[in-house]
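2 protein chains.
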Amino acid sequence: MSFNDTFIRACLKQEIEHVPVWYMRQAGRYQAEYREIRKKHTLLEICRIPELCAEVTILPVQQLGVDAAILFSDIMVPLGPMGVKYDIIEKRGPILETPFRNADDIASLRNIEPEEDLSYVLETIQILARELKVPLIGFTGAPFTLASYMVEGGPSRNYIRTKQMMYGQPELWNRLMEKLGSMIVTYLKAQISAGAGAVQIFDSWAGALAPEDYKQYVYPTMKRIFQELKEVPVPKIYFGGVSSGELLPLWNDLDADVMGIDWRVSIREGRKRIGNNHAIQGNLDPTMLLAPWSKLESKAKEIIDQGLEAPGFVFNLGHGIFPEVPGDMLKRLTDYVHEYSHSVLNKQ
Amino acid sequence: MSFNDTFIRACLKQEIEHVPVWYMRQAGRYQAEYREIRKKHTLLEICRIPELCAEVTILPVQQLGVDAAILFSDIMVPLGPMGVKYDIIEKRGPILETPFRNADDIASLRNIEPEEDLSYVLETIQILARELKVPLIGFTGAPFTLASYMVEGGPSRNYIRTKQMMYGQPELWNRLMEKLGSMIVTYLKAQISAGAGAVQIFDSWAGALAPEDYKQYVYPTMKRIFQELKEVPVPKIYFGGVSSGELLPLWNDLDADVMGIDWRVSIREGRKRIGNNHAIQGNLDPTMLLAPWSKLESKAKEIIDQGLEAPGFVFNLGHGIFPEVPGDMLKRLTDYVHEYSHSVLNKQ
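Residue numbers (this note's numbering), protein chains in the order written: chain A, 454 to 801; chain B, 454 to 801.
The set of hints was computed from the structure by calculation and includes no laboratory data.
Quick caveat: nothing in here was measured; it's all calculated off a predicted structure.
Worth double-checking, as some hints may not be accurate.
Which copy is meant is left open, so a pair is good if it fits within one copy or across any two.
Said to hold, decoys possible - Within a straight-line C-alpha distance of at most 25 Å, the following computed BS3-like cross-link-like pairs (lysine-lysine) qualify: (1) K754 x K493; (2) K725 x K668; (3) K632 x K642; (4) K676 x K754; (5) K466 x K800; (6) K676 x K466; (7) K544 x K493; (8) K676 x K544; (9) K676 x K492; (10) K538 x K800; (11) K748 x K668; (12) K538 x K683; (13) K538 x K586; (14) K754 x K466; (15) K466 x K725.
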């Protein structure tokens, strides 16, 4: 089997024969095999055992026939070597031993040395780069999203303490953003050197911010990150998560290649807001995977039709897969995206 | 002291001397007095003791000097007499004994008879209508938001089962919407007859829906509710909650008087999306109440300035007050809204 680089070409707005597709959290609890592995290993253990982590990463590629793999990991992983003590608690998420709230806390954060600190991640990527016949997407959390866990001490509904630092101690906030920004650039460059064919930055909670707050407190760091990654020769994807629709106009001049959007904004409307410099990735509501096939099919068709209105489109969900999603629906959807988009592109 | 009807005039886009202000969850855990009462009574007990409930409702009006009171209650209250068995669990929210998921469940729901079933609510309103010197806002949850609790069995992050019913059993879903719609009209009419000077429908979770899903599965019921309330001579407010920004264009022809928006969309942008038929209410991010005063003041000023660009504006938050908010900040903000808007209006 030859290497399938459709995903990369779509990211770069080049010609394609079908719309490429992958799914956020395509390795996860909806898979029986994954649930079996999780009986013996915690999520973080899997991340730290390169052979096992590679196996978990490859499994959905084999099962679903998707056009890209995404490194199995967690956005908290690079925070460990920065000095953040955390654990990931089932059904709750990442919980910190001590939240980061004052100048000393922030000053204590050091930059990572991926070859030393996160060798298991790089080793996993090296295995995957050898074994996969599709591109591997490396990833990291974005500064706001990572900061929200660090300042709150865990998942949050309202991000009260995070915003309190942002509004009340902007210098401290900026130092935190700066440190996270540097870590992200270092980490992604190391992932790319190890063999990642693309990278995605997950800003899952940025949609909690009013656009002007995002602009003032987050945008400068995102701008810098993508600038510093500009010369790195792989596609960069930025994903904004739940209710990020109001932020899209601010993404226009970020040096990312692909912008991932959630289901509240259509692909057409997303392109209108972001402008045509970027490819678009998205945006099926994952709950649709529990709908009758006819409903799911017509929604997928609409997304693909809009996606093909301009060069540069990657089919994905607007949020990670839920454990409740049936794997056979995902397989059927993947086949449909390939076949339907192939037929449309062949007619053109 | 004479009756202050500024809030009603703003809702109806009439002339005002200052911008009226009230806060969602203005009676709540941020108040020491409320916390004391809650040591002796559960939330639902307070709702069921008219004298106590009226006291809790009046307290923030006295403390803050706001231009409207909002009935202390919970959106679950009218679901009890429909046949929903639930409890409200501290820090979790409403939890149902049995979720509503099949045709029999939905068929078992009966309409309420407020005079019989919810006499304690009407009695509370009667007390408040006598005692208050500002309008009392009655309220209810909206059909989608109520249905989400009923189908999920409690609070949800992803509304999987709710959307599953919507997509997979649209007839069942429509019957549920119809029953909730009828309850809402009956309940609000009874509240208004008892003395509520305005009513608000809270659709806190509607922002989880893509606009086209909202249009297909929720909008028809909202349209009908406001049509059936059209002749009732008090202002009707519709509030869409977190990330409802994408839904605003669909609200344009709803027969509500006021549209409440969250902080992700500015007042100016909200008016642009909804159109000029409605007054606007909102939309300070409540976390701003934990920011330094200068930050809060400049944001409040911006909201007021935009609010005064067209007739019909009510100052509020974009979400309920958090327990962490200091009461003196709310008082200072209330005074500022009154004084600053008064000075602007006097110059015009």
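Kindly indicate which numbered hints from before are broken by the structure, ordering the numbers from low to high. 1, 4, 8, 9, 10, 12 and 13
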